[in-house]
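These protein sequence lines map, in sequence, to chains B and A. Each residue of the first sequence is one higher than the one before, starting from 1 at the first, in our numbering. Each residue of the second sequence is one higher than the one before, starting from 1 at the first, in our numbering.
There are no misleading hints in this set.
Since the list gives no way to pick out one identical chain from another, each pair is judged satisfied if it fits inside one copy or across any two copies.
Here are the simulated lysine to aspartate or glutamate pairs, EDC-like style, with alpha carbons at most 16 Å apart:
1. K129 x E161
2. K479 x D57
3. K384 x E367
4. K91 x E156
No lab work stands behind these hints: they were computed from the structure.
2 protein chains.
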Amino acid sequence: MNIALAQINPVLGDFEYNLEEITQKVLEASKKGAELVIFSELATFGYMPSDLLERPDIVEKQILVIKKAIKKFPKDIAVLFGAVMPHQDLKERYYNSAVFVYESEIKSIFFKELLPNYDVFDEKRFFKKGELKENILNFRKKKFLISICEDLWFDESGVYENNPMDGIKEDLDYIINLSASPFTKNKLKTRKKILKNIALTQSATSIYVNQVGAQDELIFDGGSFAFDSKGKEVSQLSLFKTDLKMLDEKKEKISKDEYENIFNALVLGLRDYFKKTGFKKALLGLSGGIDSGLVLMLAKEALGAENVTGYALPGPYSSKLSMDLAKEISKNLGTHLEIFDVNPTYDVFLKSFDEKFGDQDFGLMHENLQARLRALTLMALSNKNGSLLLATSNKSELCVGYSTLYGDQCGALMPIGDLLKTEVFKLCEWYNRFKGSEVIPVEMIKRPPTAELRPNQKDEDSLPPYEELDQTVDKLITKKGRAKTDQEKWVLKRSFQSEFKRWQAAPILKISEHAFGRGRRMPLAHKTVIY
Amino acid sequence: MNIALAQINPVLGDFEYNLEEITQKVLEASKKGAELVIFSELATFGYMPSDLLERPDIVEKQILVIKKAIKKFPKDIAVLFGAVMPHQDLKERYYNSAVFVYESEIKSIFFKELLPNYDVFDEKRFFKKGELKENILNFRKKKFLISICEDLWFDESGVYENNPMDGIKEDLDYIINLSASPFTKNKLKTRKKILKNIALTQSATSIYVNQVGAQDELIFDGGSFAFDSKGKEVSQLSLFKTDLKMLDEKKEKISKDEYENIFNALVLGLRDYFKKTGFKKALLGLSGGIDSGLVLMLAKEALGAENVTGYALPGPYSSKLSMDLAKEISKNLGTHLEIFDVNPTYDVFLKSFDEKFGDQDFGLMHENLQARLRALTLMALSNKNGSLLLATSNKSELCVGYSTLYGDQCGALMPIGDLLKTEVFKLCEWYNRFKGSEVIPVEMIKRPPTAELRPNQKDEDSLPPYEELDQTVDKLITKKGRAKTDQEKWVLKRSFQSEFKRWQAAPILKISEHAFGRGRRMPLAHKTVIY
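With the rest of the complex left out, here is chain B (with noise of 0.2 Å):
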């Protein structure tokens, strides 16, 4: 059967486009013969609708967009898409739901049997199960299996008593799934090793659609892909970018490297978060050091130069490297730079707090304070502008709580806060081997990470070595480990000690298996526990 994939980037909540956006791609696959094309996961309403379901009668609204869109739908094409569908019954409760629409009518609704409910997702917040060995589909003497994401993950989750797979007796030709997935690193193979699986165990063709685009933390990598009843990967779309391709078409190629699909899944991260929220332009605060170094880089390669602009904002410890850093990599990157000195303000703030407290010993005070003076100035320079503020923030500080609340961890998203430092430096080498061209200062990636706040500081001075640190935050924090040795112990004792920072931290774009940020659920008034 000619099946056409289709990859859209949805707009949360904006039915008439993401309508608009089927439709296009349901033409585009008629003209090249497609009987069939599939789209993604609640595609008409975007994922994940959160408390956006809540709003009375918005499930409604979406049917109606549906139901005049597909009036326009060519009548020999079938399409199949994600909707969010009402139960019959219950009052805001809905299925996630597979609509079926041939000859411009809907003429099945399949609903998702597994629901994730850990981590980042919350559906049993508001879907109800449906049964997958309900959802079978009979189309031009072909039998269809009709899968939503999680319901082909029974054993990658591991949290679910039954697997639905089980039921399914059937003799298919086709197991579709349509997904939503975001991205984190290696996540492809593990999609791929189950569709895969479930091609050679089924005798079937398997067919995977992804949603493509950000939404908040999350970044869908799209990259759907096929594989035929033998395992062998037919079909392959493009990752990061909205695609269509039929079953049979030339397969897109898909880099391997790690740091390129991180680099490409930040990006996307970064130009949606501002699309969807209507921003344009860009600023952030320039330290000469690498985090600040790589978030202009990226948000150079989302929004273009010509919208990004960096401020220096020299202290009473800032180095004239630092100065010299922030200079080098504006011009190599074609951005703004901005030089404003804090110092004025610093002083004449600790002269009257003096004059009115007494004299204070240099302290925490003093170190906070130079963070919180150059966030209210790129605040104010983001009121002037219309620009909003990236935090530079890293996974590793994050997680040791070495960063100022209301400091550095300013801003409107956090684009790297779910990099561990050793990863930053590896992505900036990356990005350096890409362009052929030292565009990072080799410097800035040498040179021994400090926050400038005090004389002659460095970060290692109060944290393990990086290379030990990332380990730890790798395997406390992200694979959720046990804390045995005294150094991983310290770690999680400080991870549960600046949860409150994190608790009002702005929305960090998601790449690893787990991250702060809305997936990471801890309470903050608690008896720290520490094994």
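Following the hints, complete the assembly by docking chain A onto the known chain B.
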């Protein structure tokens, strides 16, 4: 049967402490001649555990502490308490359980069936469901049904397909409900309606034991009670305090005054947040307005006047009246007052900013700058003194974004973030009546609300009158209703547009059915849906 109801204030994850509290109450009940003593839901662990349940071995650790503690229970008293018990097969899946101990041994374990997974509740994230109809306990020739919290809330929640009570065919003597039910206005009435109704329909004594104490945003109000089989209230424990009473003991008098209960809830919320995070002292900015006045009063009541400092931070548009009122309320409450002028810092910052970026017309930037300079000052004082900053935003402001991110939104806790502005006024008036004195200056209640960030500014210049705004906020946010009028649509739009501010807000003490905070999960990047 001689039954005791025991209401403890557990600390999340502090198993030793919680089991010690339980043991003390068991001994006390034993002395009073109790044959059975009943504790609240997850009394051993604390509610709600959230992602602490992802820490390895944490449940096993809890079980070790339980097993050790029950050995110390007197052998002739039966004890029923809530605990987290592991699923037999699945890793990191648990049952929300009630453990029955007799003769210093665990005799049986009962599992919760209805797992709330809406608003602040995420119980399907970790818990598997049991079956209520299995939860029959036979003890001393009496038949008990052991239910846990939501198990009896089928009608109220309205999101479940089947009522587990329908499966109960036994002739019951007692229906027990172990609960961890957060305070909301009038919630006690609802609880009693349910338990009275079930006592009558089952002709059994119904016993409800609730957690007391606060955990981050949630305040558990206790107020455990019982009805006899004729629907007569036979027991009532204290609100907002630990307690133990025999079933037939003299009932605690419960206030019907909504504002008295809100007051006690917020005081408990504040006190427990400090106690459970290990802090003693609070500070806040005193604007001379009613919001900071109310928070000052609550902090004084929760922490003692000696632990609370208010800072008046006059800026370019602060009035003499504001300063006078800040002084007056501090004097009335006996809290420390300090005055610190932010003008020198404001002036020097603006001077250097204008020199660099050109003269700026007065605008939003300047308003935010004042709020942020105050926050920076308060955070410096927080660092200096080891005090926690309290944020003073209310629900009406938060809804329409009438607060400054990284400005007056700053704080470790937002005690009145779930109070409408009109409720702020009423709570202050109640307090003055309660004290029989104008502790909160009448002028503070009477004066038109103003942020004093520009000359002659009044809140009602940019917002609808609070009487109207609050009705709309209650309708759209708390009750999740439709926006019909132009004003309602304007408020809804503002609420979506300011979601980014609330993403980074401090924890908000929840007192309404639906609060801003972790129980509301609205996306940031979406098409604003205005209906």
